[in-house]
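Trainee: Read off the chains here:
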Amino acid sequence: MDWGVIAKYEDLLVRCLFNTILLTVVATICGTILGLFIGLGKMSKNPLWKVPSSVYVELFRGTPMFVQILLIHFAFIPSIWNAVFPDAEIPGPLFSGFVALSLNAAAYIAEIFRAGIQSIDPGQMEAARSLGMKTSLAMRLIVLPQAFLRMLPALGNEFIALLKDSSLLAVIATEELGYFAFSVAKNTFERYPPYLTTAAIYLVLTLFLSRVVVRGLERRFSPK
Amino acid sequence: MKLGKKWLGAFTLTVGLGILLAGCGSAGSGQSAPAGGTDTAASNQASTATTATTAAADKVYQVGTDAAYPPFEKMEGDKLTGFDMDVIQAVADAAGIKVELKHTGWDPLFNGIDTGTVDIGISAITITDERKQKYDFSEPYFEATQLIMVPEDSTVQKLADLQGKRIGVQSATTGEQVVKKAFGDTYDGLKGYDDTPSAVDELFNGRVDAVVADNAVLQDYVKKLTDKKFKLIKDDSFETENYGIMVKKGNAELLGKINEGLNKIKENGKLQEIHKQYFGE
Chain P
11 MDWGVIAKYE DLLVRCLFNT ILLTVVATIC GTILGLFIGL GKMSKNPLWK VPSSVYVELF
71 RGTPMFVQIL LIHFAFIPSI WNAVFPDAEI PGPLFSGFVA LSLNAAAYIA EIFRAGIQSI
131 DPGQMEAARS LGMKTSLAMR LIVLPQAFLR MLPALGNEFI ALLKDSSLLA VIATEELGYF
191 AFSVAKNTFE RYPPYLTTAA IYLVLTLFLS RVVVRGLERR FSPK
Chain E
14 MKLGKKWLGA FTLTVGLGIL LAGCGSAGSG QSAPAGGTDT AASNQASTAT TATTAAADKV
74 YQVGTDAAYP PFEKMEGDKL TGFDMDVIQA VADAAGIKVE LKHTGWDPLF NGIDTGTVDI
134 GISAITITDE RKQKYDFSEP YFEATQLIMV PEDSTVQKLA DLQGKRIGVQ SATTGEQVVK
194 KAFGDTYDGL KGYDDTPSAV DELFNGRVDA VVADNAVLQD YVKKLTDKKF KLIKDDSFET
254 ENYGIMVKKG NAELLGKINE GLNKIKENGK LQEIHKQYFG E
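Protein chains in written order, with our numbering: chain P, 11 to 234; chain E, 14 to 294.
No lab work stands behind these hints, which were simulated from the structure alone. Keep in mind that this is a model prediction, so the values were computed, not measured. You may find that some hints are simply not true.
Cut-off 35 angstroms, straight-line C-alpha distance, at most; resulting in silico cross-link-like pairs (DSBU-like, lysine-lysine) [as the list claims (entries may be wrong)]:
no., chain 1, residue 1, chain 2, residue 2
1, E, LYS236, P, LYS196
2, P, LYS18, E, LYS193
3, E, LYS241, E, LYS92
4, P, LYS196, E, LYS194
5, P, LYS196, E, LYS262
6, P, LYS174, E, LYS115
7, E, LYS178, E, LYS244
8, E, LYS247, P, LYS18
Chain P on its own, in the form it takes in the complex (with noise of 0.2 angstroms):
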């Protein structure tokens, strides 16, 4: 077992790891954005807004991830992209990580903004537009904010997940933590050092993400 490989390799961690934690930032606060948007939109009376975001849920939780990779990188950008912009350059495996991760956790998020919407008691709905309130007004200001206290452990989790699924960006040679663990041990024959060094990375983050992020975003939201 040779551990001087990952000296060796120091470039691409560095670059890997920095991708890792750029794809989570942004496929989460897309998602989420997103997710929001198809949340509110199963829980509408309007079918042209309901039932597109339920077909979206089902089929981005229906189908793994791997192959939704797969279909969004080799198949749908380059398509989409020679039709929309012939002349532009089509871009890389990284937009497709963006892309793919954002699409899969806006499915998830959607769902707990779902959860934590209706775990709100209607009364509170009913009381604000007694008062003059319009819905969105009232959703905004009184729903959303209480709703949002309640689905942090479960966006927490989601995030978690996100973090370590972003691995399977590998298989479209995204330089990610997923891409430097097999890239690595693939060209050096050693199998341990990659992959414990890659697993440990992982594992720091996420006791990051779970003890300090979610925990601080608790701590901040919490109603003293």
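Place chain E on chain P using the hints.
Mentor: Just chain E now, kept in the frame of chain P:
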């Protein structure tokens, strides 16, 4: 209510056992099916040699390959075909051993040899010093060299022109190794894919500027993909490589048989015949 619960328990137990039994049954038949399949394939290809020696050598050696490397190995339906598959079958027939072909993928192939789930590796594997430290190789059976594949309008003329450009390779192949040798182990334009077709796909999508891979594989694309516009470039720094059949380090007995079979098919012209079938000349 109590009775209901008991009934539920009995029902669950029956269904559970049923599923378990059904699972065992299908697993058993699943195992026997591929073995039968290879038997017929083997007897089709070279009839008498195998059947005559069956009694003497009834061990079936597991041959692993990464079946995404045409024309050397690919999946046709659920059958493994290609140059390497014909070669190993001819070698086995000549040496009087039985083999079963299976698709393992590239990295699991090396791992399988380590752990003993795979006895023989044949997958366009170039004999390199690095690999020789960990595995034993047969005599060479094919001569290859690396080529660079670029779009037709590319200005690239040699490997050095690729400095700063994005290069697609199959991870851990000699193609990746020549790129690393030229531009460094952690060169950030290097994209290592799980298989070569993915890397070539990315060239057509414009996500990489060049692909470096074995000549015979890239030449096969030229034949097949007449509608795409690209060209192949040879760099003088690329050394000639030899493909070998790989076994676990120290397995001299099996290696001896393989070399014996290989020498036989070299002498009786069978190897040239297979070569001609796939590469012409």
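Trainee: Run every hint past the structure and note whether it holds.
Mentor: Evaluation of the provided hints:
no.: 1; hint: E/LYS236 - P/LYS196; in the structure: holds (30 angstroms)
no.: 2; hint: P/LYS18 - E/LYS193; in the structure: holds (12 angstroms)
no.: 3; hint: E/LYS241 - E/LYS92; in the structure: holds (28 angstroms)
no.: 4; hint: P/LYS196 - E/LYS194; in the structure: holds (16 angstroms)
no.: 5; hint: P/LYS196 - E/LYS262; in the structure: holds (18 angstroms)
no.: 6; hint: P/LYS174 - E/LYS115; in the structure: holds (31 angstroms)
no.: 7; hint: E/LYS178 - E/LYS244; in the structure: holds (17 angstroms)
no.: 8; hint: E/LYS247 - P/LYS18; in the structure: holds (29 angstroms)
The earlier numbered hints are all upheld by this structure, with none contradicted.
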